[in-house]
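Engineer: Here is what each chain is made of, one letter per residue.
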Amino acid sequence: MLDALSVTIVGQRATLEALLHATIAGGHVVLEGPPGLAKTLACRALAAAVGGSFKRVQFTPDLLPSDIVGTRIFDQHSGEFTTALGPIFANVLLADEINRAPAKVQSALLEGMQERQVTIGPQTFPLPDPFLVTATMNPLDSDGTYALPLAQMDRFLVKIVVGYPTAAEEHTILERFGGDVPALPADVASMDDLRRWRSEARAVFIESRLVDYIVNLVGATRAPHPYLDRGASPRATLAIAAMARARALCDGRTFVVPDDVRASAPPVLRHRLAFNYRTLTENVSAEQVVTDLIASVPVP
Amino acid sequence: MDRFVNRVAAVLASVVFSASVAGAQTLTSLHVRKFELSLDQQSVSVGAPFHLILTAHVDEAIAALDNVSLPNLAGLEDLGDERRCTRAKNGTDCVETLTLDATAPGDRTIGPATLAAVDAQTGRPRTFESNLVTIHVTGQPKIANDTEVTSAVTDMLWAAARTAGTFVLVALALWGLLWAAFRRPHAPLPPPRAPAPEPPPPPIPDWERRLRDAVDALVREPTRANAIAVREALRAHVGAREEETFADLVARNATNGRSETLAALAAVERAAFCEDARVPEAIREALPFLTH
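As they're listed, the protein sequences go chains U and C. Here the first sequence stands for residues 70 to 369, where the numbers follow the numbering used here. Here the second sequence stands for residues 18 to 309, where the numbers follow the numbering used here.
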């Protein structure tokens, strides 16, 4: 799967791995990075690789909740309301530049992300299974953006930070694509494969000392800290375990090792911590705070 | 000859001085996030090797950490030194591992190590100081090693030879005269002396004893608890810090290229964390690496 995605996306191995692990873990993903780093393309490639339906919504300040979930339309001929389902009814929904829409619209995703269903008027509609929200954010251009509600951020399993490619990778991008639109991978896996992977991932064994390690990692974020106002929720504990299981499965193991937990912690924790003003005044990177926190917890 | 040596010494001194001045003018601008000393063991016996680890993290991508002054290691013997800088996600991690042993019992406080650099946050030159670490040394004092003894004796002999050479010649002449005057028949030779006893074997380091005991226990009782004990002993052997995972040890080549140690670490990692039902099988797979 990773090899197939790498045909479309040059480099970005860590991003693709985290995206695949989150997909197998059954969680939603935020990709943060400057424009032009193939964030959107990575989401499209993932949807194509697993043979799922794909919908993209460009988030803008004038977007309405009904533009995402759907709406009820009055039919004059029949005199009844009919329901037009929105783009959320897809296996992979790409919420492009999610922070450009106001909180009201972002919250429209909440029920779908957590409950895997959408309520339109008096009716509740189940979403397709599997259902995955991939959102993108640009950290550089913050004018006209709205911070995501913490409740919604918490519902994203991981936040993946996408970095610039190396010079060699950029050479390959030029040689491979030139000005053409990159071809998407096809027939790599099916929806049934994805459901089976998810089932196998849930069965991956976590030894009790690793469970303690996960709890200690999340607990460390709640201890008094000079740069943190608030730590991560128990949902983060579940998320680290799910990501560690997916990573172990992708590595061909039926059990989790400390490396799986440690590697899963940064993408799970980085968007769940509330950093205080000192990170700004002292120019401390949030990423460094997360790294130091993780390093402060002894590995079993 | 003496004049030649003096000239060479003067030239070397000027080169060293100019190099140090040049070094002082080219301090690197760094965001130093971490600069600390740690020990892999808190208590050792005299002669048992242990690791003093200097860990630094800077935000910049650098190939090596220059202008580091190691702490005074009085009372300790430096058995080896390994430096490594690896690119981390947010800069560079540099680790210097010194293998030391103590020559006398007691508490030794080591540090601080210093790093001279331009603090990138203020733009001013600064000397970053590490923390201090203390190690407790038990056992009997160690006799100075052969190299030190040889060096000291050689110096003393040369000095004595220059000043007392004539006295030796005179003494020899006097002894010759006296021997000729009072010569007596040969006394029977004393029986040959027994050969000197073999020196005692070097003490077994703590980690080795701990590892042997743990492996023995694992052979007797192949349980997860014993596999965990072996894993901890192996990690102590390679100087693993408590926040380091197996991937970290591989990344910094903690086993110094010893593939059998790496294989043993990987095998006990499996035995320590696999499913309960697969523990015996994992231990069976690990034992050949451990007994080897």
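Simulated from the structure, these hints should not be mistaken for laboratory data. All C-beta atoms in this analysis are idealised placements derived from N, C-alpha and C, irrespective of residue type, glycine included. Some hints could be false.
Stated by the list, open to error - A few chain U positions that, by computed beta-carbon distances, are all more than 10 Å from chain C:
(1) 70
(2) 331
(3) 344
(4) 365
To be verified - Restraint-style ranges between C-beta atoms, simulated for each label pair:
(5) 131(C) x 264(U): 54 to 60 Å
(6) 365(U) x 136(C): 21 to 27 Å
(7) 264(U) x 135(C): 55 to 61 Å
(8) 124(C) x 265(U): 37 to 43 Å
(9) 236(C) x 264(U): 39 to 45 Å
As the list claims (entries may be wrong) - Computed list of chain C residues with no C-beta within reach of chain U, every gap over 10 Å:
(10) 58
(11) 88
(12) 245
Engineer: Does the Cβ pair residue 264(U), residue 135(C) satisfy 55 to 61 Å?
Structural biologist: Taking Cβ atoms as reference, residue 264(U) and residue 135(C) lie about 56 Å apart, which means the hint holds.
Engineer: Going by Cβ atoms, does residue 70(U) stay more than 10 Å from chain C at every point?
Structural biologist: holds (22 Å)
Engineer: How does the Cβ-Cβ distance of residue 131(C) and residue 264(U) compare with 54 to 60 Å: does it lie in that range?
Structural biologist: About 58 Å separates the Cβ atoms of residue 131(C) and residue 264(U), which means 54 to 60 Å holds.
Engineer: Does 39 to 45 Å hold as the CB distance between residue 236(C) and residue 264(U), or does it fail?
Structural biologist: holds (44 Å)
Engineer: Using Cβ atoms and 10 Å as the threshold, tell me whether residue 245(C) really stays out of contact range of chain U.
Structural biologist: violated (8 Å)
Engineer: Test the statement that residue 331(U) is away from the interface with chain C: the closest C-beta pair must be farther apart than 10 Å.
Structural biologist: violated (5 Å)
Engineer: Would the least Cβ to Cβ distance between residue 344(U) and chain C come out above 10 Å?
Structural biologist: Since the minimum Cβ distance to chain C is about 15 Å, residue 344(U) lies beyond 10 Å and the statement holds.
Engineer: Examine each Cβ of chain U, and state whether all of them lie more than 10 Å from the Cβ of residue 88(C).
Structural biologist: holds (23 Å)
Engineer: Does residue 365(U) really sit off the interface, with its C-beta more than 10 Å from all C-beta atoms of chain C?
Structural biologist: It is violated; residue 365(U) is separated from chain C by about 7 Å at its closest Cβ, not greater than 10 Å.
Engineer: Does the no-contact call for residue 58(C) survive, Cβ to all of chain U over 10 Å?
Structural biologist: holds (16 Å)
Engineer: Does the beta carbon distance between residue 365(U) and residue 136(C) stay inside 21 to 27 Å, or does it fall outside?
Structural biologist: holds (24 Å)
Engineer: Taking the CB of residue 124(C) and the CB of residue 265(U), does the distance hold inside 37 to 43 Å?
Structural biologist: violated (60 Å)
Going down the numbered hints, you'll see the structure goes against 2, 4, 8, 12, while the others check out.
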